[in-house]
Amino acid sequence: MCFNSFFFLFFFMLINFFFFVYFIMNGLSVFFEWEIISFNSMSIVMSILLDWMSLLFMMFVSLISSVVIFYSKSYMNSELNLNRFIILVLMFVFSMVLLIISPNLISILLGWDGLGLISYCLVIYYQNLKSYNAGMLTALSNRIGDVMILMIICWVMNYGSWNYIFYFDFMKNDYVMFIISFMIIIAAMTKSAQIPFSSWLPAAMAAPTPVSALVHSSTLVTAGVYLLIRFNYLLIDMFFFKVLLFLSILTMFMSGISANYEFDLKKIIALSTLSQLGLMMSILSLGFPDIAFFHLLTHAMFKALLFMCAGVIIHMMNDIQDIRYMGGLSLYIPLTSLCLNISNLSLCGIPFLSGFYSKDLILEMVSFNSFNLMVFILFYLSTGLTVFYTFRLIMYVMINDFNLMMIYNLYDEDYIMLNSMFVLLFMSLLSGSFLSWFIFSYPYMIYLPFNLKLMVIYVSILGSILGFMVSNMGIYSLNKLLLSYNLSSFLCLMWFMPNLSTYGLSYIYLNFSQILFKNIDMGWSEIYSGKGIFNILKNYSVFYNIYQMNNFKIYLFSFILWFMILFIFFFI
Amino acid sequence: MFFFILTNNNSNKMFFLFILFFSTLISISSNSWFGCWIGLEINLLSFIPLISNSKNLLSVETSLKYFLTQSLASINFLFMILIKFSLLKNFDMNNIISIMMNSSLLMKMGSAPFHFWFPNIVEGLSWMNNFMLMTWQKISPMILLSYYFNKNFLIFMIIMNLIIGSLGGLNQTSLRKLLAFSSINNLGWMIFSIMISENLWLFYFLIYSMMIFMMISLFFLMNMYFMNQLFINNMNFFIKLNLLINFLSLGGLPPFMGFMPKWIIINFLLINKFYFLTFIFMMTSLIIIYYYIRIIYSSFMFNYFKMKWVNLLMKNNMSLINLSSFISISSMILSTFIFM
Numbered sequence: 001m002c003f004n005s006f007f008f009l010f011f012f013m014l015i016n017f018f019f020f021v022y023f024i025m026n027g028l029s030v031f032f033e034w035e036i037i038s039f040n041s042m043s044i045v046m047s048i049l050l051d052w053m054s055l056l057f058m059m060f061v062s063l064i065s066s067v068v069i070f071y072s073k074s075y076m077n078s079e080l081n082l083n084r085f086i087i088l089v090l091m092f093v094f095s096m097v098l099l100i101i102s103p104n105l106i107s108i109l110l111g112w113d114g115l116g117l118i119s120y121c122l123v124i125y126y127q128n129l130k131s132y133n134a135g136m137l138t139a140l141s142n143r144i145g146d147v148m149i150l151m152i153i154c155w156v157m158n159y160g161s162w163n164y165i166f167y168f169d170f171m172k173n174d175y176v177m178f179i180i181s182f183m184i185i186i187a188a189m190t191k192s193a194q195i196p197f198s199s200w201l202p203a204a205m206a207a208p209t210p211v212s213a214l215v216h217s218s219t220l221v222t223a224g225v226y227l228l229i230r231f232n233y234l235l236i237d238m239f240f241f242k243v244l245l246f247l248s249i250l251t252m253f254m255s256g257i258s259a260n261y262e263f264d265l266k267k268i269i270a271l272s273t274l275s276q277l278g279l280m281m282s283i284l285s286l287g288f289p290d291i292a293f294f295h296l297l298t299h300a301m302f303k304a305l306l307f308m309c310a311g312v313i314i315h316m317m318n319d320i321q322d323i324r325y326m327g328g329l330s331l332y333i334p335l336t337s338l339c340l341n342i343s344n345l346s347l348c349g350i351p352f353l354s355g356f357y358s359k360d361l362i363l364e365m366v367s368f369n370s371f372n373l374m375v376f377i378l379f380y381l382s383t384g385l386t387v388f389y390t391f392r393l394i395m396y397v398m399i400n401d402f403n404l405m406m407i408y409n410l411y412d413e414d415y416i417m418l419n420s421m422f423v424l425l426f427m428s429l430l431s432g433s434f435l436s437w438f439i440f441s442y443p444y445m446i447y448l449p450f451n452l453k454l455m456v457i458y459v460s461i462l463g464s465i466l467g468f469m470v471s472n473m474g475i476y477s478l479n480k481l482l483l484s485y486n487l488s489s490f491l492c493l494m495w496f497m498p499n500l501s502t503y504g505l506s507y508i509y510l511n512f513s514q515i516l517f518k519n520i521d522m523g524w525s526e527i528y529s530g531k532g533i534f535n536i537l538k539n540y541s542v543f544y545n546i547y548q549m550n551n552f553k554i555y556l557f558s559f560i561l562w563f564m565i566l567f568i569f570f571f572i
Numbered sequence: 001m002f003f004f005i006l007t008n009n010n011s012n013k014m015f016f017l018f019i020l021f022f023s024t025l026i027s028i029s030s031n032s033w034f035g036c037w038i039g040l041e042i043n044l045l046s047f048i049p050l051i052s053n054s055k056n057l058l059s060v061e062t063s064l065k066y067f068l069t070q071s072l073a074s075i076n077f078l079f080m081i082l083i084k085f086s087l088l089k090n091f092d093m094n095n096i097i098s099i100m101m102n103s104s105l106l107m108k109m110g111s112a113p114f115h116f117w118f119p120n121i122v123e124g125l126s127w128m129n130n131f132m133l134m135t136w137q138k139i140s141p142m143i144l145l146s147y148y149f150n151k152n153f154l155i156f157m158i159i160m161n162l163i164i165g166s167l168g169g170l171n172q173t174s175l176r177k178l179l180a181f182s183s184i185n186n187l188g189w190m191i192f193s194i195m196i197s198e199n200l201w202l203f204y205f206l207i208y209s210m211m212i213f214m215m216i217s218l219f220f221l222m223n224m225y226f227m228n229q230l231f232i233n234n235m236n237f238f239i240k241l242n243l244l245i246n247f248l249s250l251g252g253l254p255p256f257m258g259f260m261p262k263w264i265i266i267n268f269l270l271i272n273k274f275y276f277l278t279f280i281f282m283m284t285s286l287i288i289i290y291y292y293i294r295i296i297y298s299s300f301m302f303n304y305f306k307m308k309w310v311n312l313l314m315k316n317n318m319s320l321i322n323l324s325s326f327i328s329i330s331s332m333i334l335s336t337f338i339f340m
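The listed protein sequences derive, respectively, from chains A and B. Counting from 1, one number per residue, gives the positions in the first sequence under the UniProt record's numbering. Counting from 1, one number per residue, gives the positions in the second sequence under the UniProt record's numbering.
By construction, these hints were calculated from the structure, which means they are not laboratory data. These numbers come from a predicted model, not from an experiment. Ideal Cβ positions, reconstructed from N, Cα and C, are used throughout, including at glycine. Just so you know, nobody snuck in bad clues.
Which residues of chain A face chain B? A few of them, derived with a C-beta cut under 10 Å, are:
#1 F552
#2 L556
#3 L566
With the sequences and hints as input, model every part of the structure.
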């Protein structure tokens, strides 16, 4: 099953690649449309839009998913129901493809809901309590986005069909489009885990590592960004885009800080993904959709590679994900550490790897166009923080002493996993330049002063030095985290925002409902309906029995009495 | 009744049974009020030998109590007839004399507020005599009631019947007293139906007597007089089911048979805007169903109560029980096929 789906997806990737090259060189885009039913004033059509953006994205999705499926043949080989896993992954890819190629809100909804549902199924794949909680958090956060898209469908019915791309030119200043833009931004924010909804992404690391590599690094979380790229023409000078800028910058900053306090390997990578997502969203909301798309694609490559390396390391470390147990791995697993290092350096934006092209372009565009001071500071600070946690990670995992056990076997030569990582390694080295030659038919004009141009390098060097210094732990090192406990816990726990989605939603209501239940359900309503009425009737019956248990002459006398009463009563 | 008479080796009582039937016919088909009174008297005279059994002190006392109340009622009835003849030469019904006549007839029937003798006497009679008392003895006073009644007075009496029938039965453990109070409650429904039309009363009465017959024959076969006797014997499942269905049917629960007459009466009530009366009918029915269900649920539901140290074998004559269950369950639905 693995090999079949790997070959199918790889072949699909090649087809997409060739079509992409043909389409972008000739400036083509193809629009298929099949009208299913036309009912009163709405037409329900199934349409497929193939332009260079969707073909490119499909190529990358199918490449990563084929590599991940090949990887999971070895990673999950002790899994009894591997076929079930592969089928879930294939369904996920199918939903993603449906989302990518659709210019039509109904098929976007199908893809979107499919993504949410299947990512839930994949997160709860290991059936333990942590996975259940994580899956519930993931599914419900994504559900908010689904509801938003449903409401958008409802509002777009004003225009007569659900093909939104035709209406952007004409209806830009309409009130309906205002509502739709608000809702689409919230939908994208839930899917891409921006600030109010960001608690599900670190929690979803309870999923198996191939799932994290495919879903939580490159495809699911970028679906929101992709949707906003499609809707970009509508949103470009709306107020909500500036709100999105604010929130995504804060996401970028916050997750960069929180990644520095984390000790779980996959959580660090998840927070790094969150930070890069914030970067993508913020550059999108500044008005550069193609740069956002470019960064989306390159980020997909090296992040998937990073997750796969993390998977190999976790397998080797006897399923331990805590980086404090790891160390010195560069000596023992050279090929895996090669992949890990290249993807980490690409994440930092080291020159001429793939991440450099997109990240550097983003930072130079931010410096070149005049935005306000906070945007500038937070962008550069987040870049520095990226380098900081990356170097900290490399120090803990690769360079410091090995912390696990006295006797160990660090086995790297699993060539199935390694071959899949090499494919992504190749792409992660070259995709930056290759994409920039394709996507940008002419380069951006950027004219910066010397120090501003080197600002990236300055913050990177600063971050790397700090990363090196933080991870130097010895026997007598003071635990600086405990010194500033309040500040540290605030920064470490993602600024306490996960409590919004978990504790805050359940505790208040459950507490209130306990009060209601005790006082009303088991209190006053018992007195006024169930138990109370029974007591009243019982007392009436007991009272009646006093009259019933009497001598016979009393009965006869009562008859006479009744006669007289009735006589008088009705006579009057 | 016939079984009982025959098994007790006392076929002299058959004679009195026939006279009982004829007395009712005399009473309802007579031209003048005097004939009605004659029928009522013969009814009383022929019922007393049926219920008295000189070997049993309780029986004697019961028949004496019955004689006293019924004769008091007959005397009153005769007196009011004579007053009506002599003082009132009119035909309108809503006056004081009709109140007095109706009161005496209500006392004959055992309806509130003259009902205090009814549970006592029912407690002293055997099941078959109870059946006679609860069904046949109500016919002639009811029909006489329909000839000359006072509407306001009767509605007041109906409400009293319903309330006393429901509240009085809540505190009882003897099955006879329970059915007595249920009978008082159903008297309320029957009086209202006879105010609507005699045809409707006949319909209600027939269904009521059929239901009472099924219940009483079940209790008679198992010789059960008190609630705690429900658990002593080994009732098999179908007898318990039959008991459940009959009780629910008597309470007026759809889809059983007993729902049909109540439904028609409620229909009439609502169409003619008797809303308050409908409310009282409904609420008292709920109380009555409550104490029916209370009787059987602990012997019938999943964890039912069964005493195992007394192991009585029961003769389980299934055909009658099956037939009565079938009739109770399906007759309402089948009647829609036949009549509508």
